[in-house]
Amino acid sequence: MKTIIEFKDVCKQYVMGEVKIDAIRDVNFTINQGELVIILGASGAGKTTVLNMLGGMDTVSSGEILVEKADITKYNDTKLTNYRREKIGFVFQFYNLITNLNAIENVEFAAEVCKNHLEPKEILDKVGLSERLYNFPSQLSGGEQQRVAIARAVAKNPLLLLCDEPTGALDYQTGKQVIKVLCDINQKYKKTVVIITHNAALAEIGDKIIHMKSGKIQSVELNQHKKPIEEVEW
Amino acid sequence: MKKLFKKLFRDIKKSLGQFIAITIVSAMGIMLLTGMAVIHSSLLTMTNAYYNQSNLANLSVYYQGINNLGINKIKQINGVEDAYGRLSLKADSINNKSSFIVHTVSSDEKINIPLLKTGRLPGNNTECIIDSAYATSNNLTVGRKVTAIINKRTYNLTISGIFNSAEYVYLIEDPTKSAMPNHKTFGLLYVNKSLGENLIGNNYCNEVLVTTNNKANISSIRKKIENATNKYGFGSVILQGDQLSYSQLQSDIDTSASMSTVFPYIFFLVAAVIIFLSMSRTVQSERSQIGIMKALGISKWSITVHYLSYSVLCGLVGSVIGNILGITVIPKALFYSYNMLYTFPKIKYSGYGSYIAASTVLVVSFGIIASLLSVTKALKEVPAQCMRPMPPKKVHKIWLEKRKKLWSKISYKNKLIIRNIMLNKHRAILSSIGVIGCVGILMCAFGLKYSVNNLFDMQFNKIQKFDDTVMVSNPRPYNSPVPVNNNIASLDKLSTIPAIIALNKDVNSMLYVLPKDNKSIQLYDINNKEINLPDNGIVMPYKLAQEYNIKVGDTVLVRLQSAVYNNKAIHVKVSAIDVQYLSQDLYVSYNYLQKLGTNPNVNGYYVIVKNKGLLPSTNKYLTGLANVESVVKKSSLEADMTSSMGTMNTMVFIMIFMSAAMALAVIFNISSINIFERRRDIATLKVLGCHKKEINSLVNVENLIITAFGSVFGIIFGAVIYKVILNTIVSESMFFPYSISLSMVVLSVLLAFVFTMLANFMLKGKTRKIDMVESLKSVE
Chain R
1 MKTIIEFKDV CKQYVMGEVK IDAIRDVNFT INQGELVIIL GASGAGKTTV LNMLGGMDTV
61 SSGEILVEKA DITKYNDTKL TNYRREKIGF VFQFYNLITN LNAIENVEFA AEVCKNHLEP
121 KEILDKVGLS ERLYNFPSQL SGGEQQRVAI ARAVAKNPLL LLCDEPTGAL DYQTGKQVIK
181 VLCDINQKYK KTVVIITHNA ALAEIGDKII HMKSGKIQSV ELNQHKKPIE EVEW
Chain V
1 MKKLFKKLFR DIKKSLGQFI AITIVSAMGI MLLTGMAVIH SSLLTMTNAY YNQSNLANLS
61 VYYQGINNLG INKIKQINGV EDAYGRLSLK ADSINNKSSF IVHTVSSDEK INIPLLKTGR
121 LPGNNTECII DSAYATSNNL TVGRKVTAII NKRTYNLTIS GIFNSAEYVY LIEDPTKSAM
181 PNHKTFGLLY VNKSLGENLI GNNYCNEVLV TTNNKANISS IRKKIENATN KYGFGSVILQ
241 GDQLSYSQLQ SDIDTSASMS TVFPYIFFLV AAVIIFLSMS RTVQSERSQI GIMKALGISK
301 WSITVHYLSY SVLCGLVGSV IGNILGITVI PKALFYSYNM LYTFPKIKYS GYGSYIAAST
361 VLVVSFGIIA SLLSVTKALK EVPAQCMRPM PPKKVHKIWL EKRKKLWSKI SYKNKLIIRN
421 IMLNKHRAIL SSIGVIGCVG ILMCAFGLKY SVNNLFDMQF NKIQKFDDTV MVSNPRPYNS
481 PVPVNNNIAS LDKLSTIPAI IALNKDVNSM LYVLPKDNKS IQLYDINNKE INLPDNGIVM
541 PYKLAQEYNI KVGDTVLVRL QSAVYNNKAI HVKVSAIDVQ YLSQDLYVSY NYLQKLGTNP
601 NVNGYYVIVK NKGLLPSTNK YLTGLANVES VVKKSSLEAD MTSSMGTMNT MVFIMIFMSA
661 AMALAVIFNI SSINIFERRR DIATLKVLGC HKKEINSLVN VENLIITAFG SVFGIIFGAV
721 IYKVILNTIV SESMFFPYSI SLSMVVLSVL LAFVFTMLAN FMLKGKTRKI DMVESLKSVE
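Keeping their order, the protein sequence lines are chains R and V.
Note that my numbering gives residue 19 to position 19 of the first sequence, counting from 1, and the numbers run on in steps of one.
Note that my numbering gives residue 230 to position 230 of the second sequence, counting from 1, and the numbers run on in steps of one.
The shape of chain V in the complex, shown without the other chains (with noise of 0.2 Å):
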């Protein structure tokens, strides 16, 4: 037995480019696998505790002004376990620094607890909490002031604790504007609610956050809510699932778990194929060997496992070297991007065994099947048969062979390369598999890469054609005067009304006021044609009419969620969809909401400078105004949403290094078994004095019709596996269009056949080692 492990690592020497080759393909897998996995279940892991520890609610009811008998009715709903009130508002710094979210706290409260990380409760109305993001950024530690505007009035409140947020996670002040955090201008501050009381009275309370039992009908307990508050000013309800943190996370943790399913067995399936290749020409060329066992007496099974310790190995090393990367690469590279979009607990990578093990068995399985599909048939020759060299391959007539006078216009060499794809038509086809993954996987990475860049070119190019947004904090009516300065070139009057739209379910929205001739927005209908900003309706984003089916001309009840409008509920008709990137909104004509008695304030400015040289000096003049609040450059928003899309480009990256490795993996192999069995004919053809060039071109052309032709289904493939990659990794607020461009078709296939070629050339040495003397020999 001691000497079959010997010949099974001479045998790796001998072709260790193989060896190699199925190593890596392995390796892959194995990294997306376990990295993509372990990023998972930590992810899901430190998730379920954190919102566990903080008992995050099922759902949150916002009220005009709600008290403690209110909330009583709602705890003896059947379903619901616990509710508790709270106040919630926005509120900004004294020097205008910064916002902040205001709730009240208290410690009998079980609901959305925040989590100390130092120092206590506030105590009374002079006290409060803060994050630690807001804190770190901020260098604020217990015992500093912060001073506030809530509700128009100032405090002075001294820091009595720093917590974390397993509500805000991803804590962002509009979502609209930025997806960046930004933790130095945007908080969150938590205070005591006698100040609540203090501020606004009994019924300071203006949300509910609820509880339910795990089995609990949500829709009917919203339903129940709603019947038994009503009278508190009932206003919307949002569902834990839709909150912005929550789902911005869950899709991130979504993305992790379809990434390590889709990919890494497209990794193993072609390792496999690798492996069955190899092992049946090993097989094949060892048969007299094989056979020389067997009559020496060595079991069957003996023989069976020598050939299968080879894929084991193969096997066992690739999952080595993959896991290794899988959970140090892997993790750091997305973890870096993850850290930027969110405040939670160190993660603790957990469940590595479990996934090192199953990977391991995975790609071992793999390996053992495809070589003992290959071996078993040597085997159950006899001795002497195996000892006879092989019968020659039955060679016949192909097809194209019958078209005579086609037939014969084509040149020996090709006559040759086409016979030889034909008569191993499995091995053909084997090897595409290589190309259909390699170009597949580039399409789904330059897809997402297409849609990213194609949704940043109309959002900010093409919709937003705007320089600055500029926001007032006295919303002022609509004819007051606007700023004029010589720089700027038009301005827009705006306002923006938070709202709900009363679909099937709620849907938390954003209603944008603008002129019906502004020059600042661009809407454009899901076929790129321009649409206007009607005056007999609301322009409804594209993906919300595809969701709950709604069409021109339907009617929708929309609820403005602002004390000013008094949360008037308005029916307006849909005059046009209009197709949204980043954000779900609805848009809107002044002209419109007046026709329906609803006088909007302007809360802010669209402007676009005469040219972008005089940004800064006009920025300074808008800043410097009374009354402004902050000017946005569209610029900056542009740089905040592309570092957002940080893991959008890694994941980019692993996948075109990935389909590069497999691509070259699979070829070099296929075609060094290529060469190995037409070693004879290639001797022969070099001493009947063809040219190195005309002996390389007959594998290389080979190669190259495999790659077109695995190419056609890599396309299919790749349409495919991009479209179900980008609905699984698309956050419910944007949009991405999935579109298959003529340049990103183009792109793959160019890559698969630079890959294609790199392979080529590093098979330029095999051919030119295969000694000319070799034609002399006899036939194995």
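Looking at chain R on its own, in the form it has when it is part of the complex (with noise of 0.2 Å):
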């Protein structure tokens, strides 16, 4: 499988005054086409920085990432903007819809941006929310406007989805569905797919589990028996 994103050596120093805070060290990895990638860790291990790095959010003090052979550590803020417009798709905890525009709209405004993006109508009817198109964000329940989220993350057809905490604001129930969306844009669409989660039941349904503790990577570990997150408690 080809290799699309590689860590080498990434290091993010914090400096708060007089002293200096090591966010993430030495993070080594990669992550190939296709792969459902699962980063575990408790908070403050240093999930978030390596989602800021990942996704062009922030700079690294050393070390290269490299996306598609090109090392993003060199763009400038212009390439940044680029790079996240055109590569990534984001999920975020909270959803960020743009609460001026109704479901439809949030989807289609992001996929209006990218050259090779997919129907919005379509994803979201694949999310299962054909029946909410017009609605507001304020209109929607929070598993909906997840959902909303995942299908404006997957209309850009981005390299891959970045999705920070996506059952954090849910229940029980809805978190899973949203999971069950997730991993089925996976499956269907061949789309790689990066969770950043402190909960380590999702470990089990990932293809490589990447365990993090005080800023640094504890564990790269390859899951052979993936299960259907139907079959995962927490």
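In short, the hints are calculated from the structure, not lab data.
Wrong hints could be hidden among the right ones.
[Unchecked claim] BS3-like, lysine-lysine: derived pairs with alpha carbons at most 30 Å apart:
1) R:K121 x V:K397
2) V:K6 x V:K777
3) R:K69 x V:K6
4) V:K693 x R:K121
5) V:K294 x V:K3
6) V:K294 x R:K20
Please read these numbers as outputs of a predicted model, since none were measured by experiment.
These two chains come separately, so use the hints to put the complex back together.
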């Protein structure tokens, strides 16, 4: 399988006054095309920093991040913006839909700026929202909002879907449904999906599980016995 | 409580830009209010005291010659307090360098009292007193001599005193020639009564000064005086309010009053709007904190005071800055112009205290009301409710969406902008109030400037075609020879006759007699169509025609105010109505006056030179001619007028500056609030890969739409205040055309857009600073 992402000795230091804090240190891992990757760790383990780096939202202190062989740490602001625009589909913990656009507009809005985007209506249908196309975020439940957010990310037809605690703000059942949608997308569209979570139970559904602790990679484990989400309990 | 104050200062520090904006707008309002109010009250107090000290006449009555018997008759009229007669003449100095207004004066006469600075009143007919401005300009002191030709006799008078005159605060030789006083060439010369008798005889008085009781009906007194003294050659009556000096000063006093009534409130209102929006935002974003404070047992009252103190602090800081500017910059700027025009005692600024207090109370209460409106709602909620997040704003379809075809054509960026405006209508409307005020004030400023420029162009380029005005010392018959010179392209004979037009009241004017086919003056009617000098009537100024409802074809009575014409009264037909800007005079052809049996003597010429380069040599030739009294270049008249408009320019600059500050403050502030409220959306857009430009344009386009919307109403608002201001500042003799030109509208709107763009530029940093990580946080 083709390697699309490669973290090479990535470090990130935050300077707060006179104190230097290492957020992540010597992080190395690869992500292959079509993989469902789970990044696991307790809060403060450096998950969000990895997400920020991977998502092109922050710069590294040292190291390289190769995305399809290109080192994005060398990118300037505009190039990074284009990278986020073309390559990454974000799914946030708190959905982050644009409040003043309705469901279909939120999806179209994101798709519009990408070259080979997918048909918004079709995607919304896939996530089971064909009935709620014209509802505004404030008129949708949390699970529905998150599904719109996933549709928004998928419609861009990005290189990878980057999901930050996608179930964090949802109840158990709804959370499971959302994960199901993500798994389906991973399988049907062969999309690479990265889920960042503190929920260890989700490890069972991933192809690759990256364990993080105190800013370092503890282990990278390949899961040979993937379980469907329906069989996972937490 | 102390901790709450700490929080207050930290809040201010956190949104310093907003605090500064509110403070600036408040300060502007206060600066205008205190500044103009102090000017107004100081001017008023000073002039009233000055007029009282000198006991200014309520009316002046002119006669051919009246004696004590006649004056006593006036004194006996019911309502008349006092009356006394004096001689009133014009005289020249021996070398023709300057001229004087001559009056007789005596110590037992108590109206229009000359206020002696040094020396004493003239004791005999070899002494005189002169006004201080003339004395200073010509380096004259008590004991020096002045030689004057009064009524063709030469007097060598010793200066016995130097005085100030409240009657001639604005002292000008001929308002139609120059509005700027020239104290070097024109002064007051008061002589002893005995010199008057020496000059003319017992009936030397040709002017009677009258004071009346406060409640007296002036017009009935005027009638009674006319009836009682008709046989002394009753000429005309000039009321205090119509006297040139009085009315000129009064119009400036009125201007200062109107400036302090209209504009400051625009600023206070705008400041209140910003305070309201900022407070609403602060309170909204601190809902949970309010809940916590309440849960901690802090009383509603303390919390209210905490939020109120923010606006009170804005008001107080604005008040300190505004008042300091108001009592230093504004009076300095305006009194510089006033002192060029008027000779009056040094002004003591008075009534600071009350205006400072009043303006402070005003701006603070605007702020308190605004923040009370925004705080009370949040305070009504119970603590638990406060600590839960706000229910999401209800988003609904806007009318535009119902037009599906149109809506589908709009890009998502623009949909977002339109929805944002429509869902926050009240904020959009309030922001546009800033734009409305800005465009309004700009329109008013440009309107005034345009009026003046237009007026100058009309007066000095279109109406007055001549280059020089030549006045001769000995008026001569119409057929006398005129100067001939190779440089002169054309020369027109001119007679100027002081006249009174008997309308509802007597109006002082000047009769300009010119050849019918002259090339020197081109009159225009209100529609800018050329008027040829008629030979069957006179041309009446538009302003008078309007005021007294005179139409073409009417007949009016004109009394010539000159002994040469035996103060003859003539009935003239109004043949045309023309627009005159700087003075309101009658134009008439020699033909017509001759038809009516009056043969005016020529007392001047209008001269046009072949080219402007020949002016100096031509003037030299003309000045050198015998009998030529003066040669006045048109360009120097124009320069004089320009400097007399100094006050106007100062005002216009102040207004442009302030409207800029207002627009910037409002748009910057309201947009910051907007950005603050949408920071999560903006952070998300950044993560989704929107470029800086695209994100900035979300805010910028919204501001531009609001500016466009506000401009429309601003134009209407501007047209109204321009008219109001124009009406209050124009003096009696002037006519300022009210017209709204396209360029002035375009310029105002353009500037408003420039200010908006500037605000947008200042806002760039605000969107840049929003961290993408913000999008990962939970909703507060």
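Structure-based check of each hint:
1. Our distance criterion of 30 Å between C-alpha atoms is met by R:K121 and V:K397, whose separation comes to about 20 Å.
2. Among the hinted pairs, V:K6 with V:K777 is consistent with the structure: their alpha-carbon atoms are about 27 Å apart, no more than 30 Å.
3. Straight-line distance between C-alpha atoms of R:K69 and V:K6 comes to about 53 Å, which puts the hinted pair past the 30 Å bound.
4. For the hint pairing V:K693 with R:K121, the CA-to-CA distance comes to about 28 Å; that is within 30 Å, so the pair holds.
5. Proposed proximity of V:K294 and V:K3 is supported: the alpha carbons are some 15 Å apart, at most 30 Å.
6. Using a Cα cut-off of 30 Å, the hinted pair V:K294 and R:K20 is violated, with the two alpha carbons roughly 39 Å apart.
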